[in-house]
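Going down the list, the sequences are from chains P, Y, X and B. Positions 454 to 776 (the numbering used here) are the ones given, in order, by the first sequence. Positions 2 to 503 (the numbering used here) are the ones given, in order, by the second sequence. Positions 3 to 328 (the numbering used here) are the ones given, in order, by the third sequence. Positions 3 to 328 (the numbering used here) are the ones given, in order, by the fourth sequence.
For the record, the hints were derived by calculation from the structure and aren't laboratory data. Ideal placement from N, C-alpha and C gives every residue a C-beta, glycine not left out. The reader is advised that the hints may include incorrect statements.
[As the list claims (entries may be wrong)] Below, computed lysine to aspartate or glutamate pairings styled on EDC-like, alpha-carbon distance capped at 20 Å:
| id | chain 1 | residue 1 | chain 2 | residue 2 |
| --- | --- | --- | --- | --- |
| 1 | B | K171 | P | E551 |
| 2 | P | K712 | X | D162 |
| 3 | B | K158 | P | E708 |
| 4 | P | K740 | P | E499 |
| 5 | P | K567 | B | D162 |
| 6 | B | K227 | Y | E252 |
| 7 | B | K171 | P | D554 |
| 8 | Y | K150 | X | E212 |
| 9 | Y | K342 | X | E212 |
| 10 | Y | K59 | Y | E12 |
| 11 | P | K692 | X | D132 |
| 12 | P | K688 | X | D162 |
| 13 | P | K553 | B | D162 |
| 14 | B | K158 | P | D570 |
| 15 | Y | K205 | Y | D227 |
| 16 | Y | K281 | Y | E476 |
| 17 | B | K130 | Y | D307 |
| 18 | P | K519 | B | E212 |
| 19 | P | K550 | B | D162 |
| 20 | Y | K274 | Y | E12 |
| 21 | Y | K281 | Y | D307 |
| 22 | P | K471 | P | E513 |
| 23 | P | K598 | P | E756 |
| 24 | X | K100 | P | E708 |
[Stated by the list, open to error] Residues from chain P shown here face chain B by an in silico Cβ test under 10 Å; the list is partial:
| id | residue |
| --- | --- |
| 25 | E495 |
| 26 | V505 |
| 27 | P510 |
| 28 | P511 |
| 29 | S514 |
| 30 | Q515 |
| 31 | N517 |
| 32 | K519 |
| 33 | S530 |
| 34 | V533 |
| 35 | D541 |
| 36 | P542 |
| 37 | K567 |
| 38 | K569 |
| 39 | N571 |
| 40 | T613 |
Now for the letters of each chain:
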Amino acid sequence: GCSGSDSKSTSNASGSDKKTLYFIPIVDTGAYWSPMKKAAEERAKELGYNLVFKTSPPSESQKNEKHIGFLQEAITSNAVGIAIAPMDPDMFDRKVKEAKDAGVSIVTFDADVKTKDNRAAYVGTDNKLAGEELGKKAAEYLKGKGIKNGKIALAAVNLTQTTMTYRQEGIRKGFEGVMGADAQSFSWLEPIQDNDQASESKRQLEGQITSNPDLIAVFSLGSEGPDTGVMEAIKSQGKAGKIYHFGFDYTPTWENGIKEGLITGIVDQDSYAIGKTIIDVMDKIIKKEKIQDNYPVAVKWVEANQIVEYGKDKQKQFTNETK
Amino acid sequence: MQKRLRMAGIEKRFPGVYALRGVNLEVNAGEVHGLLGENGAGKSTLMKILGGIYPQDKGEIFINDVDCTVMTPERAQALGVGFVHQELNLAEALNVAENIFMGRMPYKNKLLGIIDYQELYRSTQAILKKLGSKVKPTDIVGTLPTAQKQLLEIGRAISLDAKIVIFDEPTTSLGNDDVAALFKIINTLKQDGVAIIYISHRLKEIFEICDHATVLRDGQYIGTVDVKSVSQNTLITMMVGRDITELFPKEYGNIGETILEIQGLSDYAGRVKSVSFYAKRGEIVGFAGLVGSGRTEIVRMLFGADPISQGTIKVRGEKVTINTPKDAINQGICLLTEDRKGQGLSLIMSVAENINMPNMQDAILKHSKLKAIAEKFRVSLRIKTASVDTAVGNLSGGNQQKVVLAKWLNTASEVFIFDEPTKGIDVGAKAEIYQIMNQLVKENKTVIMISSELPELLGMADRIYVMCEGRLTGEILKQDATQGKIMAFATVGGHHVEPKAQ
Amino acid sequence: MLNPKLNDGSSIFRKIDSKDLFLKYSVYIVLVVLIIAFSLISPLFLSQANIGNFFRQVPTVGIATVGITMLLVTGRVDLSAGSIAAFAGTAAVFLAVKGFSPPVVILAAIVIGMFWGFINGFFIVRFKLDSFILTLGTDYMIRGIILFITNGIYVKGVPDWFYLLSNTKVGVNFIFTNTLVFAAVVIALTYVMNHTRFGRYCYAVGSNQEAARLSGINIQKHIIKVYMLEGALAALAGVLLMSNLNVGAPSEAAGVGLFAMAAAIIGGAAFSGGVGNIPGAVVGIFTLEIFRNGLAILGLNSFIQQAVTGGIIVIAVVVDYYRRNR
Amino acid sequence: MLNPKLNDGSSIFRKIDSKDLFLKYSVYIVLVVLIIAFSLISPLFLSQANIGNFFRQVPTVGIATVGITMLLVTGRVDLSAGSIAAFAGTAAVFLAVKGFSPPVVILAAIVIGMFWGFINGFFIVRFKLDSFILTLGTDYMIRGIILFITNGIYVKGVPDWFYLLSNTKVGVNFIFTNTLVFAAVVIALTYVMNHTRFGRYCYAVGSNQEAARLSGINIQKHIIKVYMLEGALAALAGVLLMSNLNVGAPSEAAGVGLFAMAAAIIGGAAFSGGVGNIPGAVVGIFTLEIFRNGLAILGLNSFIQQAVTGGIIVIAVVVDYYRRNR
Ligand SMILES: Nc1ncnc2c1ncn2[C@@H]1O[C@H](COP(=O)(O)OP(=O)(O)OP(=O)(O)O)[C@@H](O)[C@H]1O
Ligand SMILES: Nc1ncnc2c1ncn2[C@@H]1O[C@H](COP(=O)(O)OP(=O)(O)OP(=O)(O)O)[C@@H](O)[C@H]1O
Ligand SMILES: [Mg+2]
Ligand SMILES: [Mg+2]
């Protein structure tokens, strides 16, 4: 796994006179985070930085506290820069300010902090915009099929995450924007939370499909749990091709549903590009070059029939994984 | 006669305790062999070694002259060693048949272990008949009264087709009828050539059924005697190492005013039916009756341990309400339960903590003060323990009982209720507990004593109430009391005549 | 009153009256009341579609529940059941994807389940450990290992036959193969618990371990066997689950052990061991699952669903209190 | 051998030799060995940064652990501790944001914790419920309610004073206010458990409930009190946690109850009640946390971290086995 290389780079930290960067993503696993990590590591090596990589298991019960701790640790151990994916804009706001006051430059990615002055730059997709893009595409798709009303379901791993809130907001905004007046005739069901248990989102959606025969579209807001749960629920209820399913982010799991029409289309963020850009921006900051406030990484709309092809390129970016 | 069992030079150490130091035991086929000694003398330990439950540190075991020095429970069973344990050892959730044949059930298919229930119930029925027990093979053991459970233990031992049967204090929770039935079974076994080892603190029983007896003291082998040719006093001296002249050292207090008066007491389960009685200062009131006659229930209600359905309680002439043990304690009533380990003591806590448990007045504790109190009782009651910080579980039965006593002496109690106070307690400790009762009545306190040992009641009580099937059927003064009178009230005193278990 | 366990088998001693009956079957009554209530609230509740859904959702957690009931009877618990299911199920998918034949795949999954069961049982008896804390540890361990091996990513490319393991309709419209497997497991285990040495030893060990030991039962071996069987059942549940999901999902079935334990206890098992039975446990899991199914049909807010699920657990054990004290 | 618990108080009987000492203090030794091992592997481990981190992360789960240790001593458990912490902490943030003063906010949080503790305790004593299953139910319930109230969204706009509750440096670079609060709780509760009637009643009720009841202890009242105190401690932990996070996070602290229980047991408490002590529990939680901290320092794959955390729980209880059987 990734462990070997990490422990080496970490233990070298104090000994070498290389400049130390902290890189703190939410997790280091899965189809989204894995390429990002790989990109960051490769780029840091090229540019001659000592990259300290910090994260915690998805199931960690004190995750937020731990990650705030990583920030504090970076400050205390005199890192020159920190790249962090804050789990909430408010939660990390103060610590980021403390880092700034201590003279450490911060780059945020994946999500931003509240006080944007405190960080040097933000790299990545704006989740509201990504949601909006998906909402738009979905609305256009439904319009194309001549659908003017119906119910819409949503499924997420954890509705309390800020990213999920933003994506939800974005989806509705984009959807309503395209639908215009027709938006009134669509109603949104209670969003499903499955804590990354595909069987839970499957069960919940099966219930919603049973009790809402006019369910017409489902958005899964990310991660393999709800993606799979939603696809399998559509399949088990015999609604393939009748309920349209829109998702976030490429994972190989999507390929399961393409043939049977269990997925309609996704928007994907180029996480490899995010990882690489983060290190580049850091490098610029350290070299005192001019930087932008925001490095948006556009999302890409991929329809079901292109997912396989798209995935082939994408999978090259994964770190050494079994799949 | 053939030497069925020979144990020689058995030694056993537990952490901190030298339980057996070179003990010998020889038992013939077809004899009942008593094993005697004070609490903690090592009787149970010796038997557990024979049963393969503990390995011995040193010493040899021969059964029928075959070397069986290395024992395990399975091997012991295979060799026909049946064990009726001092503590009940039954799986309460299983039925009678399954308990008796646990580990040795008949199978329809031995490999898959599919049980032949018909066969099982048939064999069980046969054993129950031998025991004279009225329970059904399908009864769930947990629902049976203690005496019946005890019989099952015995049934298990004889169902083994045993060559040696060990009875470790089998009569502590049996009534007279049941004891008689047990002795009949033992005699049958004896006729069949089984070697029987019989442990009891009731010397009367030893004289009644034993042929020989081996005495242990402090883990040492004292000697083996022919029971027919020794006196009770000789045996006691061998056990205790000194003379105990008086078995029931009765002294009289000044009988004063009525302190406790009960009217029409009943419980919800119908085990106690409208019982009325009183107790005066300075007297020892005894309660006799067969096991299951409801004596424990009465005192548990009186102590607030179980809810009262009907009846009034007057303490010192005033009507009181007792809903919880705390209420009773506030009225100066205390209860020494029959189940010491289960209800009387926190075995993993220290002597000092147990003694102080009902009487922690200060929210912030002064350990030195509490220790001093415990120390005082340790000295005055002669509690044998390394220190008051020792866990109570490490003490012998008699000393545990004294800790329970100390616990209540430490409160302002005036009415001391003893439920089977000498159950499983050796002669020496018994005498000391009687002395404490004497002391209490001399201080104008009241003692209520429930006992299934009639000699004890006859020896110590000023007045004896007799119970039968939940009713009070008789009241006898000390001077008029005889075993016969008590048994008459206890058996035929109820509504109908109990069929004699013969 | 002192010993509530006793009341379970003691009905023989009592004359049976209606209140008695009511309380003895309280769990069943709760179940029936739930069904009636939900079908009144939503006509869809008793629709074929929903019944089909229900019967396809129950088997996984149901099989885990009967396994754990057997453990509870033996006086032990297993918090790692969910992780074992995920481990074995994901491994099965992996092998199926690699092209191994159905018998090999299923056997391998079951052997894996038995292996983890053996580890649990072995540590518990060898080191006299509390099963709760040991299986809490192995839960983390087993889950961590399978997540590490798969890097937390779903194994996909499940062959058709694997998908059909769970999802083949049998006769009527709402009975599927996994329902049948569940039914078979329930019947078999009910028989085992009541009519075989193995089953009765479970009750003996759970009700008085020392008595069982002194009767010459090799309790250590027995406990290990029970854990192995329970592990095998968890693995079977895992295979059906993955078949249902059509992927190998290493993060799946989290917390199933706790949930199954709640179901078993609602169905009459007790932590102290020695009591409980398979049909009761099935009613327990049906109660919880019907409840969750009903809530999903109503489309309630998922947080409210969570709160209400907690509420039903509390209500179920309170009802059980009245049953115990009838 | 039959009754390992007895060994706890019986050390007086033994002459103390070095093997004895070694085993008695095995948990402490494991802890020291861990510290040495990690500091040899990574020089960062004993860096000020890491020590500071460690001390700021431990208090939340640490305070929950000592509360749960007290419960375990009393023979009960609380799986809802994490939910109580999240509920009370989020409520505190809500009130702080609304502009209430510090004493009001903190008092309110503690009262909320005591309220939930009361609910747990009341149901357990009134209906003679198994604490495990009841608190499993209330865990779902409490969590569901706070998630529903907040709709799962973080409460924001925390005033400065609230943030400073946890995050004020005290003297040296690596000690913060929450560490001090934790230390104060540990000292106070150690005193309470050893030197007050309340504490000794916990041991009495836990080691033999019936004997305690028949000694005139109102065990029902006592158990409710213990749950209320434990709830208050969980609430305190929740407040410090939210202060640390600078938001009111209703989904936070999930599973803390189980983890705290593991720590308490590693530190010498037992499910059966009557044994365990606060300093031991602190060592237990330190062992687990140092281990997790060390793994994070080594930058291990997070799944491996999870697996190894499970491993350390297993190792800790096995070491404890040797301690028990010294
Ligand atoms: N498992 C054990 N661990 C430590 N000490 C023990 C153990 N079992 C017995 N002992 C000690 O060994 C000694 C002998 O105990 P044993 O139970 O054999 O006495 P006994 O003669 O049967 O007494 P009683 O008449 O009270 O039943 C006692 O001091 C007892 O405390
Ligand atoms: N609810 C119950 N379920 C099962 N057994 C019980 C129950 N209540 C009492 N027993 C047992 O039945 C036996 C006889 O009951 P009870 O206590 O009424 O008799 P007693 O007159 O006090 O007899 P003893 O001489 O043993 O004190 C006791 O050993 C008791 O443990
Ligand atoms: Mg004995
Ligand atoms: Mg009695």
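Against the structure, the hints come out as follows:
no.	hint	in the structure
1	B:K171 to P:E551	holds, 13 Å
2	P:K712 to X:D162	holds, 13 Å
3	B:K158 to P:E708	violated, 40 Å
4	P:K740 to P:E499	holds, 15 Å
5	P:K567 to B:D162	holds, 15 Å
6	B:K227 to Y:E252	violated, 47 Å
7	B:K171 to P:D554	holds, 16 Å
8	Y:K150 to X:E212	holds, 16 Å
9	Y:K342 to X:E212	holds, 17 Å
10	Y:K59 to Y:E12	holds, 5 Å
11	P:K692 to X:D132	violated, 48 Å
12	P:K688 to X:D162	holds, 14 Å
13	P:K553 to B:D162	holds, 18 Å
14	B:K158 to P:D570	holds, 19 Å
15	Y:K205 to Y:D227	holds, 15 Å
16	Y:K281 to Y:E476	holds, 14 Å
17	B:K130 to Y:D307	holds, 16 Å
18	P:K519 to B:E212	violated, 44 Å
19	P:K550 to B:D162	holds, 13 Å
20	Y:K274 to Y:E12	violated, 52 Å
21	Y:K281 to Y:D307	violated, 24 Å
22	P:K471 to P:E513	violated, 31 Å
23	P:K598 to P:E756	holds, 15 Å
24	X:K100 to P:E708	holds, 17 Å
25	E495	violated, 17 Å
26	V505	holds, 7 Å
27	P510	holds, 4 Å
28	P511	holds, 7 Å
29	S514	holds, 4 Å
30	Q515	holds, 6 Å
31	N517	holds, 5 Å
32	K519	holds, 7 Å
33	S530	holds, 4 Å
34	V533	violated, 15 Å
35	D541	holds, 6 Å
36	P542	holds, 8 Å
37	K567	holds, 8 Å
38	K569	violated, 16 Å
39	N571	violated, 13 Å
40	T613	holds, 4 Å
Figure legend: structure checked against the earlier numbered hints; hints not met, in rising order: 3, 6, 11, 18, 20, 21, 22, 25, 34, 38, 39.
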